[in-house]
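Based on these hints, arrange chain F on the given structure of chain S.
Number of protein chains: 2
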Amino acid sequence: MEISLKADYALRAVLHITQATNSRPTINEIARSEKIPREFLAKVLLDLTEAGILKSFQGVSGGYQLARRPAQITMLDVIEAISGPVVLNLCEPNQKLKDGTPSASALMHPFFASLEKQMIVILKKQTFAKFPARSRK
Amino acid sequence: MEISLKADYALRAVLHITQATNSRPTINEIARSEKIPREFLAKVLLDLTEAGILKSFQGVSGGYQLARRPAQITMLDVIEAISGPVVLNLCEPNQKLKDGTPSASALMHPFFASLEKQMIVILKKQTFAKFPARSRK
Chain S
133 MEISLKADYA
143 LRAVLHITQA
153 TNSRPTINEI
163 ARSEKIPREF
173 LAKVLLDLTE
183 AGILKSFQGV
193 SGGYQLARRP
203 AQITMLDVIE
213 AISGPVVLNL
223 CEPNQKLKDG
233 TPSASALMHP
243 FFASLEKQMI
253 VILKKQTFAK
263 FPARSRK
Chain F
133 MEISLKADYA
143 LRAVLHITQA
153 TNSRPTINEI
163 ARSEKIPREF
173 LAKVLLDLTE
183 AGILKSFQGV
193 SGGYQLARRP
203 AQITMLDVIE
213 AISGPVVLNL
223 CEPNQKLKDG
233 TPSASALMHP
243 FFASLEKQMI
253 VILKKQTFAK
263 FPARSRK
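Here the protein sequences line up with chains S and F, keeping their order. The first sequence maps to residues 133 to 269 in our numbering. The second sequence maps to residues 133 to 269 in our numbering.
Chain S with its partners taken away, still in its complex shape (with noise of 0.2 Å):
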C-alpha cells in the first residue's frame, strides 16, 4: 500500500524547489540535499517537466522552479504525473461466480471505490502551499 519510490521521489523533489531559498536548484543540489540518487531524480524531473508541474532552465542560471504557483499544485497531481490515476485495488466489479452471483471482488468494490475516493480527496486537498516552512529545530 505504500507509494511508490519514484512518486515519493517526486514529491519531495517538488517540496524541496517549492522552499528553495535560491530560486532555481539545479538536479545536483536537489539530489544532494534531498539524498535521491541523481539518475533516477533526472527521470522524476523530466515527468514532472512534461506534465506541466515544473519548468527547466538551461545555463549558467539554470534549474528546475515550479511551473505554476505552490498553491495550486496538489499531492494527487505530483502522484499521478508520476504513477499514473491513484488506483487502490484492482477490483473487478462485474466478477460472477458460476451460479450467477456477485464473486467476492466484486462484492468488495463498492468499499474500495470508496475509499479510493476518500484517498484521492485528502491528496486533492493538500497543496504545496500547505507544508510548514523549512526552519531550524
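Just so you know, these hints were derived from the structure itself, not from any lab. Note that the structure is predicted; figures quoted are calculated from it, not measured. One or more of the hints may lead you astray.
Calculated lysine to any residue pairs in the SDA-like style (CA-CA distance at most 20 Å, straight line) [claimed, not checked]: (1) F:256 to S:245; (2) S:257 to F:220; (3) S:138 to S:181; (4) S:138 to F:222; (5) F:230 to S:152; (6) S:167 to S:153; (7) S:167 to F:199; (8) S:138 to F:231; (9) F:138 to S:241; (10) S:228 to F:230; (11) F:138 to S:219; (12) S:138 to S:188; (13) S:257 to F:245; (14) F:228 to F:250; (15) S:262 to F:159; (16) S:228 to F:159; (17) F:262 to S:241.
Relative to chain S, chain F alone:
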C-alpha cells in the same frame, strides 16, 4: 498505492469463506470460484491460518472456516496478516539538510502519518459482516 495482489487474494478468500453456503469451502473451490491461482492461494490460506483468522480442517469434510465471527475480522486484520503494518510512505521524520533544516521527506512526514491513520481507521471499521450478501442481480 495499490494493495498487494497477495493481500487482495486474502481479502477475497476470507470474504468467500464468510459468505459460503456450504460450511467449509476447500482450497479448490475458493480458487476456482474467485479465480485465484491455486498455488498462490495455498500460501495465502496458510498465512491467514497462522494469523488466527482462518481454521483449516483436514479429511473428507475438510476445508476452511473463519476462526472468529465475521464481525470480529476487519479488512485491516487480513491486510496486516499478509503484508504487515500498513505503511503509506517511508518518510524519514528526522532527516536534515546540511544546513540543519528538515529535509522535504521530514516536512511531508506529518501529512503522510495523518493520511495513514485515516486509512487505518477506515480499514479497521470495515468488518467482514459489513459486505452485502451475495445475491443474483
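A quick look at each hint next to the structure:
| no. | hint | result |
| --- | --- | --- |
| 1 | F:256 to S:245 | holds, 16 Å |
| 2 | S:257 to F:220 | holds, 17 Å |
| 3 | S:138 to S:181 | holds, 15 Å |
| 4 | S:138 to F:222 | holds, 12 Å |
| 5 | F:230 to S:152 | holds, 13 Å |
| 6 | S:167 to S:153 | holds, 18 Å |
| 7 | S:167 to F:199 | violated, 46 Å |
| 8 | S:138 to F:231 | violated, 25 Å |
| 9 | F:138 to S:241 | holds, 17 Å |
| 10 | S:228 to F:230 | violated, 57 Å |
| 11 | F:138 to S:219 | holds, 16 Å |
| 12 | S:138 to S:188 | holds, 19 Å |
| 13 | S:257 to F:245 | holds, 16 Å |
| 14 | F:228 to F:250 | violated, 27 Å |
| 15 | S:262 to F:159 | violated, 50 Å |
| 16 | S:228 to F:159 | holds, 18 Å |
| 17 | F:262 to S:241 | holds, 13 Å |
Hint check: violations occur at hints 7, 8, 10, 14, 15; the rest are consistent with the structure.
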